[in-house]
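Please construct the entire structure, taking both the sequences and the accompanying hints into account.
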Amino acid sequence: MKISIDCWGTILKSSPTFLSEKRKLVNKYIPCTDDYIDACFLMTKKVFNDVIENSGGCQPSTDYIFTYLLSKLNGSYDSFSFLNEFVNDYQKLAIANSPIVYSNETKEALEKLSQKHTLIISSNTMLISGNTLKICLDHVGIGKYFSHFNFSDNLKKAKPHKAMYHKSNYHIGDNIITDKIGALNAGSKPIIINSTNLTITDAINIILQ
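With this note's numbering as the guide, the letters of the sequence shown map in order to residues 23 to 231.
By construction, these hints were calculated from the structure, which means they are not laboratory data. Careful: at least some of the hints might be erroneous.
Below 25 Å or equal to it, Euclidean Cα-Cα: the simulated DSS-like pairs (lysine-lysine) are [unchecked claim]:
#1 Lys-44 / Lys-156
#2 Lys-46 / Lys-68
#3 Lys-44 / Lys-94
#4 Lys-129 / Lys-189
Here you go:
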């Protein structure tokens, strides 16, 4: 069987050092308080999550998302001559402060599932690119369990678009709209973990039973 699996909040979570280093990076380009930086990042995430979910899977370009973020940090819209440099620095920062596996169960569960089934990453991307996420997955030792990587910035479509689930039999994720409703519409059976009382071990047991 094919099993598609979400990345963030499902098998990966943010490094403890990423937030502070992200603030330092912003201040290199646009001096801001920590609280204001955090608020702008949260607003950007909410705005574009709403766009993606309400459009049924329209993937905004990376440059557009970063331009929106920088305009909020700067207090006004600008063309931002340093846009490409900022985007590149942000990807390097994400790799240097690589996300960590979601739980102690994650790696063992993926290894067990990959022995009998084909695993596919199905991940919406925003500020961290799919290419960067692929490096991070390899860095924490779980990229090897996946045979295909559906990152929305590369595919130009995002969950809940049907193409993101790669015609999988099951889809494991943590989001009701993108990982449950989207998967159901794509003909994949969803298993929602971490945001519910289920863990990835529970998901594996459901699939392998």
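The hints, checked one at a time:
{"no.": "1", "hint": "Lys-44 / Lys-156", "verdict": "20 Å, holds"}
{"no.": "2", "hint": "Lys-46 / Lys-68", "verdict": "22 Å, holds"}
{"no.": "3", "hint": "Lys-44 / Lys-94", "verdict": "15 Å, holds"}
{"no.": "4", "hint": "Lys-129 / Lys-189", "verdict": "24 Å, holds"}
Hint compliance for this structure: every hint is met.
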